[in-house]
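Asks: So the protein lines, in turn, are chains A and B. Start counting the first sequence at 1; every next residue gets the next number (our numbering). Start counting the second sequence at 1; every next residue gets the next number (our numbering).
Do not rely on the hints blindly, as some may be mistaken.
As the list makes no split between identical chains, a pair holds if one copy fits it or if it spans any two.
[To be verified] Simulated pairs of lysine-lysine, DSBU-like, Cα-Cα distance not exceeding 30 Å: (1) Lys132 to Lys39; (2) Lys144 to Lys39; (3) Lys121 to Lys80; (4) Lys132 to Lys144; (5) Lys132 to Lys121.
Hints were generated in silico from the structure; no laboratory data involved. All values derive from a computational prediction rather than experimental measurement.
There are 2 protein chains.
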Amino acid sequence: MATYQLHCFAQSGNSYKAALMLNLIGADWEPVFVDYFVKTQTRTPEWREALNEMGEVPVLVHDGRHFSQSGAILTYLSEKSGQFGPRNENERYEVLRWLLYDNHKFTSYFATYRFMSGLMKSGDPAVLTFLKSRITTSLAVVDKHLAGQPFIVGDRPTIADLSLCGYLYYPVEEHGFDFAVDYPAIAAWLERIRALPNWEHPYTLMPGHPLP
Amino acid sequence: MATYQLHCFAQSGNSYKAALMLNLIGADWEPVFVDYFVKTQTRTPEWREALNEMGEVPVLVHDGRHFSQSGAILTYLSEKSGQFGPRNENERYEVLRWLLYDNHKFTSYFATYRFMSGLMKSGDPAVLTFLKSRITTSLAVVDKHLAGQPFIVGDRPTIADLSLCGYLYYPVEEHGFDFAVDYPAIAAWLERIRALPNWEHPYTLMPGHPLP
Chain A
1 MATYQLHCFA QSGNSYKAAL MLNLIGADWE PVFVDYFVKT QTRTPEWREA LNEMGEVPVL
61 VHDGRHFSQS GAILTYLSEK SGQFGPRNEN ERYEVLRWLL YDNHKFTSYF ATYRFMSGLM
121 KSGDPAVLTF LKSRITTSLA VVDKHLAGQP FIVGDRPTIA DLSLCGYLYY PVEEHGFDFA
181 VDYPAIAAWL ERIRALPNWE HPYTLMPGHP LP
Chain B
1 MATYQLHCFA QSGNSYKAAL MLNLIGADWE PVFVDYFVKT QTRTPEWREA LNEMGEVPVL
61 VHDGRHFSQS GAILTYLSEK SGQFGPRNEN ERYEVLRWLL YDNHKFTSYF ATYRFMSGLM
121 KSGDPAVLTF LKSRITTSLA VVDKHLAGQP FIVGDRPTIA DLSLCGYLYY PVEEHGFDFA
181 VDYPAIAAWL ERIRALPNWE HPYTLMPGHP LP
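Work out the full structure: start from the sequences and follow the hints.
Replies: The following block contains the structure:
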């Protein structure tokens, strides 16, 4: 059994944040496939009881302990590995601030929009319009930030980058945002992260692609 | 000038999280009124440049440093004051996990729903239905969690509680959720927090109520 188990599936960008981190730090890890699309496994009482009361992936298992919420998992792994973490107190609050922004305003709307419009081919048009408007606002905030510096906090990649990029490598057909055209600083930053040793695409890094 | 300045307004539950914490720890603090409703001040380029590129309140100013994102502010204040923080490593990840859940799934939808339906009296019905469905899911997660323990992490209040409760003291007329009826564990928990020394309601703790 590998040192780390990650309960995840390929279409989950929140899982990808943790899986990418595990790969980048060279951890001994293995994915545990969670069947969300056929069995809605994360929402069952049994799964909530055994793994995460919040009903969500990813869940990281290490040394018999369970961790959930990608931002907490990233923080744990950066502290364990000494990699991709903040270097001082100022950076620590900056990293935390961007992890929170990602969860509150960036990933949250983007993931839901992609899920509805790109994966399920569903969603009320008014809801999709609402989500898209929120997404363009938060993409603009991040693009402006990255126009002035190569990574989210300081001059090197941290877990804040790995959090914010979690959904952005999925095919444009799934979400409709062409970063190279509309958000050039984000597109360049995604290429910088892609160039890191051991970077891998979510659809090869985690099980469950393509959809059944 | 007080030791801490908090840029905020009374209707912002995210501001309230920070304001309540400042009051509970007995800090020397003062609110700085941000005119969101008439001037949409947080969204202006000048305000973003001077205070927060994310275009949001709250912003805490202390020792010439600026902090934003309520979860980062709460973490900073717990570390400065030695109050309402985690007591060990396990609690630290638990607190972080619930701060993230609050931002991703709890406050995010609740705040937007209340803003549209209760304050602006606007919002497409389909969008309101979508938000309400998300809210009932996350309220159920928190209510179930609190049915088994008095506070979110362990047996005493932490910043995780102060984050999650941020929007829940606003009048039921503004959001339509009657916790005492539908979420009894949440209602009892809100009373426990309300009983803390120096607790104060958002509409008296921060400037800007009632709306112009």
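Asks: Indicate which option fits the pair Lys132, Lys144 if close means a Cα-Cα distance not exceeding 30 Å: within, between, both or neither.
Replies: within (18 Å within a copy, 32 Å between copies)
Asks: Is it within, between, both, or neither for Lys144 and Lys39, if the alpha carbons may be no more than 30 Å apart?
Replies: between (40 Å within a copy, 23 Å between copies)
Asks: Cα distance capped at 30 Å. Does Lys121 pair with Lys80 within a copy, between copies, both, or neither?
Replies: This pair counts as neither: shortest intra-copy Cα distance 40 Å, inter-copy 48 Å.
Asks: Reference check for the pair Lys132 and Lys39, CA-CA at most 30 Å: within, between, both, or neither?
Replies: Both: 28 Å inside a copy, 24 Å across copies.
Asks: Is it within a copy, between copies, both, or neither that the alpha carbon of Lys132 lies no farther than 30 Å from that of Lys121?
Replies: Close inside one copy (15 Å) and across copies (21 Å); limit 30 Å.
Violation of the numbered hints given earlier is confined to hint 3; every other hint is satisfied by the structure.
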